Amino acid sequence: MDYQIRLESFEGPFDLLLHLIEKQELDIYDIPIGQITDQYLDYLWAMDQLDLTIAGDFLVMGATLLSIKAKMLLPKPPIQTMEDEMEDPREELVIRLLEYQKFKAIIEELQIREMQQREVYEHPFNVENFLSGIKPPNPLRGIGAADLTAIYQEMLEVLTKVEPIHELYTEEYTVATQMELIGKLLSSKVEGLFFFELLSENLNITSIITTFLALLELIRLSKVEVYQEKPFGSIRVLWADNKL
Amino acid sequence: MLFAEKPKAILECLLFATAMPLSIDEIASVLELSLEEAEELLFQLMREYNDSDRGLQITLLAEGYQMGTKPQYAPYLEKICRPRSNPLSKPALETLAIIAYRQPITRTEIEAIRGVRVEHLLSTLIERDLIKEIGRKEGPGRPILYGTTSEFLIYLGLKSLEDLPPLDKQQDGIR
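In order, the protein sequence lines correspond to chains Y and E. What the first sequence shows, in this note's numbering, is residues 1 to 244, in sequence order. What the second sequence shows, in this note's numbering, is residues 1 to 175, in sequence order.
Worth flagging that the hints you see were computed from the coordinates, not collected in a lab. Take these hints with a grain of salt, some might be off.
[Said to hold, decoys possible] Quick list of in silico lysine-lysine cross-link-like pairs, DSS-like style, CA-CA up to 27 Å:
(1) Y/K104 to E/K8
(2) E/K159 to Y/K104
(3) E/K8 to Y/K102
(4) E/K159 to Y/K102
(5) Y/K223 to Y/K189
(6) Y/K189 to Y/K230
(7) E/K90 to Y/K102
(8) E/K132 to Y/K104
(9) Y/K76 to Y/K104
(10) E/K132 to E/K159
(11) Y/K223 to Y/K104
(12) E/K70 to E/K6
(13) Y/K23 to E/K90
(14) Y/K23 to Y/K76
(15) Y/K223 to Y/K184
(16) E/K137 to E/K70
(17) Y/K102 to Y/K69
(18) E/K137 to E/K8
(19) Y/K102 to Y/K23
(20) E/K132 to E/K90
(21) E/K159 to E/K90
(22) Y/K71 to Y/K23
(23) E/K137 to Y/K102
(24) E/K8 to E/K70
[What the hints assert, rightly or not] If you want the footprint, here are the derived chain E segments under chain Y, 3+ residues with CB under 8 Å:
(25) 31-37
(26) 74-82
[To be verified] With the Cβ distance kept under 7 Å, some of the chain Y side facing chain E (calculated, not the full set):
(27) E11
(28) P13
(29) F14
(30) D57
(31) Y100
(32) F103
(33) I106
(34) E109
(35) R113
(36) E114
(37) R118
(38) E119
(39) V120
(40) Y121
Model, not experiment: these values are computed from the prediction. Cβ atoms here follow ideal geometry from the backbone N, Cα and C, with glycine treated the same way.
Next up, chain Y with everything else stripped away, as it sits in the complex (with noise of 0.2 Å):
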């Protein structure tokens, strides 16, 4: 027999699963699976005739119900006990079924009450008179000006015995800095310098790091020419203008 498909609307695909239920007046405890399944991808295949876009929702369910089909064609083990029966393969099916059929049956009577409750008609809802009504209440109250002029003082000797913790100098050492400072030491004595003759009197790491970065950079550029006597030795460095 075939089954004439309304091509209606339908919300998803658990909603096309129970009007196909409803209609044959199914029991959808014991779904016929395989007439069930064969009425859904009737469905879907008409809808692809038809050239609307089947969502992948619909097609999710479409494998569902084949693959609970090809479950149930499977040979049962020969022997079952009568306690322990082997689970239904429909059984997740008709549970999400059932909760979805709850959903849409209680649908038509909230839309009664949504249909009743926009023929009332309430005062215009003015957010600023509103929210002027519900204003918390005033943390400043019974606060004068004495009060604040003793709470500012309060702040204000708090305030001056606040001593210094620490002091931030900001030295500005940088790579160009220094290869100017190193270019105007060397320049004037021919016999050249030891490295630690470069640093300026403020040793610390930073400028140490800086003068050495200095350094390298001009013996990259042939700059300066450097000497060292013995392993671990001091470093001589010479500007490589006084030799010629």
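Model the placement of chain E on the given structure of chain Y, informed by the hints.
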């Protein structure tokens, strides 16, 4: 009479001037009455409005009291008032119902029940102030949990969430 005319007039003003439902606590605190006194006064006023030929009614909505027009006069108001926003589409109402009965609920859980994606419906419902994010579910990804707003109760004319029609009445459930 238990009350002088004045507090009832004040109550009438309050209900008229506020657009959102007023809780009995709010009414009592403004009138400086006990909860019982405020309630008694309110019921008197409700009777006077609701059981008479007046155009206005006072109803319990979203756990508060609100003054509004009686539904039978809507056709006249429609002629003069700005048209109301469209009723919710079926999918939107379906999604809203699932959230209302199963809150707090994540998007994936809603989709498991509907069998369809609901992302755009959720944003519609949030836009209309009918649902809101009410937290995050513990677990992988900490998904957003949705719940209904008090605007939702007003929208469907519900006193509270318990006032929702029972979901299971035609079903014994399974097993």
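Status of the hints after comparison with the structure:
Note on Y/K104 and E/K8: the hinted pairing is violated, with a Cα-Cα distance of about 44 Å set against a maximum of 27 Å. For the proposed pair E/K159 and Y/K104, the alpha carbon gap of about 22 Å is at most 27 Å, so the pair holds. About 44 Å separates the Cα atoms of E/K8 and Y/K102, which puts this hinted pair outside 27 Å; it is violated. Between E/K159 and Y/K102 the alpha-carbon distance is near 22 Å, which keeps this suggested pair within the 27 Å criterion.
Using a Cα cut-off of 27 Å, the hinted pair Y/K223 and Y/K189 holds, with the two alpha carbons roughly 14 Å apart. Proximity of Y/K189 to Y/K230 is assessed by CA-CA distance (about 22 Å); at most 27 Å being required, the pair is judged to hold. For a cut-off of 27 Å, the pair hint linking E/K90 to Y/K102 stands: about 15 Å separates their Cα positions. Between E/K132 and Y/K104 the CA atoms are separated by roughly 22 Å; this keeps the pair inside 27 Å, and the hint holds.
For a cut-off of 27 Å, the pair hint linking Y/K76 to Y/K104 is broken: about 35 Å separates their Cα positions. At most 27 Å may separate the alpha-carbon atoms for a hinted pair to count; E/K132 and E/K159 meet this at roughly 19 Å. Only pairs whose Cα atoms come within 27 Å are accepted, and Y/K223 paired with Y/K104 is rejected, the gap being roughly 87 Å. A distance of roughly 25 Å separates the Cα atoms of E/K70 and E/K6; the hinted pair therefore holds under the 27 Å criterion.
Between Y/K23 and E/K90, the direct Cα distance comes to roughly 20 Å. Compliance with the 27 Å bound is thereby established for this hinted pair. Of the pairs offered as hints, the one joining Y/K23 and Y/K76 is violated, with about 31 Å between alpha carbons and a cut-off of 27 Å exceeded. Under the criterion of a C-alpha separation no larger than 27 Å, the hint pairing Y/K223 with Y/K184 is consistent with the structure, at around 12 Å. With a C-alpha separation of about 42 Å, the suggested pair E/K137 and E/K70 falls outside the 27 Å cut-off, and the hint is violated.
This hinted pair checks out: Y/K102 and Y/K69 have alpha carbons roughly 25 Å apart, not beyond 27 Å. For a cut-off of 27 Å, the pair hint linking E/K137 to E/K8 is broken: about 46 Å separates their Cα positions. About 17 Å separates the Cα atoms of Y/K102 and Y/K23, which keeps this hinted pair within 27 Å; it holds. Restraint check for E/K132 and E/K90: satisfied, since their Cα atoms lie roughly 19 Å apart, inside the 27 Å limit.
At most 27 Å may separate the alpha-carbon atoms for a hinted pair to count; E/K159 and E/K90 meet this at roughly 23 Å. Taking the CA atoms of Y/K71 and Y/K23, the gap is about 25 Å. The hint holds against a cut of 27 Å. For the hint linking E/K137 to Y/K102, the alpha-carbon distance of about 25 Å falls within 27 Å, and the restraint holds. Note on E/K8 and E/K70: the hinted pairing holds, with a Cα-Cα distance of about 21 Å set against a maximum of 27 Å.
Closer than 8 Å: that is the beta-carbon criterion, and the stretch 31-37 of chain E has 0 residues meeting it against chain Y, so the requirement of 3 is violated. For the stretch 74-82 of chain E, the assignment as covered by chain Y holds, since 3 residues bring a beta-carbon within under 8 Å of that chain's beta-carbons and 3 suffice. For the restraint placing Y/E11 at the interface with chain E, the shortest Cβ-Cβ distance is roughly 5 Å, inside the 7 Å limit, so the hint holds. Against a cut-off of 7 Å between C-beta atoms, the interface hint on Y/P13 holds, since the closest Cβ of chain E lies about 5 Å away.
With a cut of 7 Å, the hint placing Y/F14 at the interface with chain E holds, because the nearest CB-to-CB distance is about 4 Å. Given hint, Y/D57 at the interface with chain E, holds; its Cβ is 5 Å from that chain's nearest Cβ, closer than 7 Å. Among the interface hints, the one on Y/Y100 holds; its C-beta lies about 6 Å from the nearest C-beta in chain E, closer than the 7 Å criterion. Restraint check, Y/F103 versus chain E: the minimum CB separation of about 5 Å is within 7 Å; hint holds.
Taking 7 Å as the C-beta contact cut-off toward chain E, the hint placing Y/I106 at the interface holds, the least distance being around 6 Å. For Y/E109, the shortest C-beta to C-beta distance to chain E is roughly 5 Å, which falls under 7 Å, so the interface hint holds. For Y/R113, the interface hint holds, the least distance from its beta-carbon to any beta-carbon of chain E being 5 Å, beneath 7 Å. Nearest Cβ of chain E to the Cβ of Y/E114: about 6 Å, under the 7 Å cut. The hint holds.
Interface hint status for Y/R118: upheld, as the beta-carbon distance to the closest one in chain E is roughly 6 Å, under 7 Å. With a cut of 7 Å, the hint placing Y/E119 at the interface with chain E holds, because the nearest CB-to-CB distance is about 4 Å. For the restraint placing Y/V120 at the interface with chain E, the shortest Cβ-Cβ distance is roughly 4 Å, inside the 7 Å limit, so the hint holds. Checking Y/Y121 against chain E: minimum C-beta separation of about 4 Å stays under 7 Å; hint holds.
The structure does not agree with the numbered hints 1, 3, 9, 11, 14, 16, 18 and 25 stated previously, though it agrees with the rest.
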